[in-house]
Amino acid sequence: MYFVFISLIIEIIFSGGLFLNKNKILLFLANRFVRFIILLIFVIVLSFILIDMSPIDPIKTYIANKVVSPDQVAALQSYWGVNEPITVKIVNWLGNIVQGNLGNSLIFRAPVIDVILDRFVASLVLMFSSWVISGVLGFVLGIIAGFKRDTFVDKLIKYYCYILQSAPTFWIALIVLMIFSIYLGWFPSGLGVPIGSLSQNVTFFEWLNRLILPAFTLSILGVAQIALYTRDKLIGEMSKDYFLFAKARGETGWSLIKRHGIRNVLLPAITLQFLSFSELFGGAVLVEQVFTYPGIGQAAVSAGLRSDVPLLLGIVIFSAIFVFVGNTLADVIYNFVDPRLREGD
Amino acid sequence: MVDIADNKFKLNLRTKTLLTIGITVLVFVIIIINSLLIDSNNILTNFSIINQPPSFEHIFGTDWMGRDMFVRTLKGLGLSIQIGAGASILSSIIAVTLAILSSFNKYLDTAVSWIVDVFLSVPHILLIILISIGLGGGAFGVTIAVAFTHWTSLTRVLRAEIKQIQTQDFVKLSGKLGKSKWWIARKHILPLTITQIIVGTILIFPHAIMHEASVTFLGFGLSPHEPAIGIILSESMRYLATGNWWLALFPGLALLIIVLLFDIVGENIKKLLDPTNANE
Numbered sequence: 001m002y003f004v005f006i007s008l009i010i011e012i013i014f015s016g017g018l019f020l021n022k023n024k025i026l027l028f029l030a031n032r033f034v035r036f037i038i039l040l041i042f043v044i045v046l047s048f049i050l051i052d053m054s055p056i057d058p059i060k061t062y063i064a065n066k067v068v069s070p071d072q073v074a075a076l077q078s079y080w081g082v083n084e085p086i087t088v089k090i091v092n093w094l095g096n097i098v099q100g101n102l103g104n105s106l107i108f109r110a111p112v113i114d115v116i117l118d119r120f121v122a123s124l125v126l127m128f129s130s131w132v133i134s135g136v137l138g139f140v141l142g143i144i145a146g147f148k149r150d151t152f153v154d155k156l157i158k159y160y161c162y163i164l165q166s167a168p169t170f171w172i173a174l175i176v177l178m179i180f181s182i183y184l185g186w187f188p189s190g191l192g193v194p195i196g197s198l199s200q201n202v203t204f205f206e207w208l209n210r211l212i213l214p215a216f217t218l219s220i221l222g223v224a225q226i227a228l229y230t231r232d233k234l235i236g237e238m239s240k241d242y243f244l245f246a247k248a249r250g251e252t253g254w255s256l257i258k259r260h261g262i263r264n265v266l267l268p269a270i271t272l273q274f275l276s277f278s279e280l281f282g283g284a285v286l287v288e289q290v291f292t293y294p295g296i297g298q299a300a301v302s303a304g305l306r307s308d309v310p311l312l313l314g315i316v317i318f319s320a321i322f323v324f325v326g327n328t329l330a331d332v333i334y335n336f337v338d339p340r341l342r343e344g345d
Numbered sequence: 346m347v348d349i350a351d352n353k354f355k356l357n358l359r360t361k362t363l364l365t366i367g368i369t370v371l372v373f374v375i376i377i378i379n380s381l382l383i384d385s386n387n388i389l390t391n392f393s394i395i396n397q398p399p400s401f402e403h404i405f406g407t408d409w410m411g412r413d414m415f416v417r418t419l420k421g422l423g424l425s426i427q428i429g430a431g432a433s434i435l436s437s438i439i440a441v442t443l444a445i446l447s448s449f450n451k452y453l454d455t456a457v458s459w460i461v462d463v464f465l466s467v468p469h470i471l472l473i474i475l476i477s478i479g480l481g482g483g484a485f486g487v488t489i490a491v492a493f494t495h496w497t498s499l500t501r502v503l504r505a506e507i508k509q510i511q512t513q514d515f516v517k518l519s520g521k522l523g524k525s526k527w528w529i530a531r532k533h534i535l536p537l538t539i540t541q542i543i544v545g546t547i548l549i550f551p552h553a554i555m556h557e558a559s560v561t562f563l564g565f566g567l568s569p570h571e572p573a574i575g576i577i578l579s580e581s582m583r584y585l586a587t588g589n590w591w592l593a594l595f596p597g598l599a600l601l602i603i604v605l606l607f608d609i610v611g612e613n614i615k616k617l618l619d620p621t622n623a624n625e
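Quick note, the sequences are listed as chains A and B, same order.
Letter by letter, the first sequence follows residues 1 to 345 of my numbering.
Letter by letter, the second sequence follows residues 346 to 625 of my numbering.
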């Protein structure tokens, strides 16, 4: 079954992918990119204003519990320009970002860019593995449910999806943690490693061991949306004339689904999966918090709770880039890979 | 509908929807009344019955201070529902305002779709955290934060709907007769989209509750003194290792049921109002 998907994907890409109009794609991407840069500036300014509005005091975070004289506080304030008007602050900040300088994280005491890259790699592994697992599993379940419509299997899959869609992510994570690491004791509960420990300090095996539960949680949650979508889409395809004709010709079972169902449902499903990057990130934030997985989400929460403004802003920028990449890939697939739409233009 | 349609037991969509609405409203009212009656300072702390597993006396068990978890959960759900309701109504108001603004002229239309793009470009949870921090947290901060992140889908739906309405002859005629855009919005667009708005508000509600609980769980929402579901669950994390499973299981399950009920009601009303399958 797995091979069929891969061969179908390859077939779709080869049937068109290599002969795509390169100029058109480049133009499309350039257009998207310019729009994104403007959007990003807007997002940065917006988040800057929001954080500036808040009652948090970065100086307090920086000096933490140390004893400092008022003179030193004043020196820090003028060094960081805390008392300057917001317009000046934003212009300074944007200027630094353009030069690739995101500032220093106050809680990790390291350049923001290093912290983010370090954390993002850990999160990407988590998000990518659960993205692939939930995508494949969700698609398969959706196809089964759609094909076996109104049977017991379909209802089972459907109710599973409905329930998981309504379940708070962090609660499912708590339940998974409770079952697998506390009762069964198969995995570390993740609470042993203090917040802020770097991922290099853990061995590969330990790290893999800590990855399994969060990835599992994110996967079983991510299945719901894609399965329900695939099911509806397949049911829609199954009621179309060509499908009925194929049935009338005597095609049945797996070959019918493979040749007429999956072929038409796969691309929209993949597109949807790419569009889910934003939710994936949100899920990762919660799951990482529960399992204390040292990823970007956990860093975002610590940064927010302990008023590490530079780190929080840096994470906002990177998460926006992450979502943008997902949306753009979805658009490219939708507009350029689908042979029907491609021939249209 | 084929969901529970058996041969013996056939309910049509209308009956089923009315039934689910009835049940949901009942649950809703019970929770609200209960949570208003329970004074959060008055939840008894009884150190002789700490950490008791569920029993008939305390069906959700008790926590490390001997407080009855069922009462705390009810109170927490009440808080969640209030915040969720506030946030989803506010969200719809934002959505309707922006959708109507977008119908005025093409510059406003571009501006509105631009704002939608901005709000969709950052993951929801991060945006909620940012707004919540910006407003200094608390119930007010969370409500506003959730409201400002959930209006995008409804705005898109309404915007598409309004575009379609505007191509109709009677709307064009009103324009030719010199009626203002605002008049057209009030007299033509609003009456035709009111069902969409109501359904949209109901469908925002479960998401709003869930996001409120998530953000509170992370520590950006309600203050730790409130018995919100997010607070209860984040407290329970400290006691999981000692085997107090009931502290996490039941409050989360209660939240799940509320979210599920509202999701089903919203979806069913949507189907009912959609003429293509209303008579199933």
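FYI, nobody ran anything at the bench for these hints, they're computed from the structure.
Quantities reported herein were computed from a predicted structural model and do not represent experimental measurements.
Accuracy of the hints is not assured; some may be wrong.
[As the list claims (entries may be wrong)] Heads up, incomplete: computed chain A residues facing chain B, CB under 10 Å, no partners named:
1) Ser47
2) Pro55
3) Trp171
4) Val323
Each residue gets a CB set at the ideal place from its N, CA and C atoms; glycine is no exception.
Query raised in the report: With 10 Å as the cut and Cβ atoms as the points, is tryptophan 171(A) at the interface with chain B?
Result: holds, 4 Å
**Report entry** Agreement of hint proline 55(A) with chain B interface, Cβ distance less than 10 Å
**Finding:** This hint holds: proline 55(A) lies near chain B, its Cβ roughly 5 Å from the closest one there, short of 10 Å.
**Report entry** Satisfaction of the serine 47(A) interface hint, Cβ to chain B closer than 10 Å
**Finding:** holds, 5 Å
Query - Hint status (Cβ of valine 323(A) to nearest Cβ of chain B, threshold 10 Å) - result: holds, 6 Å
Figure legend: structure checked against the earlier numbered hints; every hint is met.
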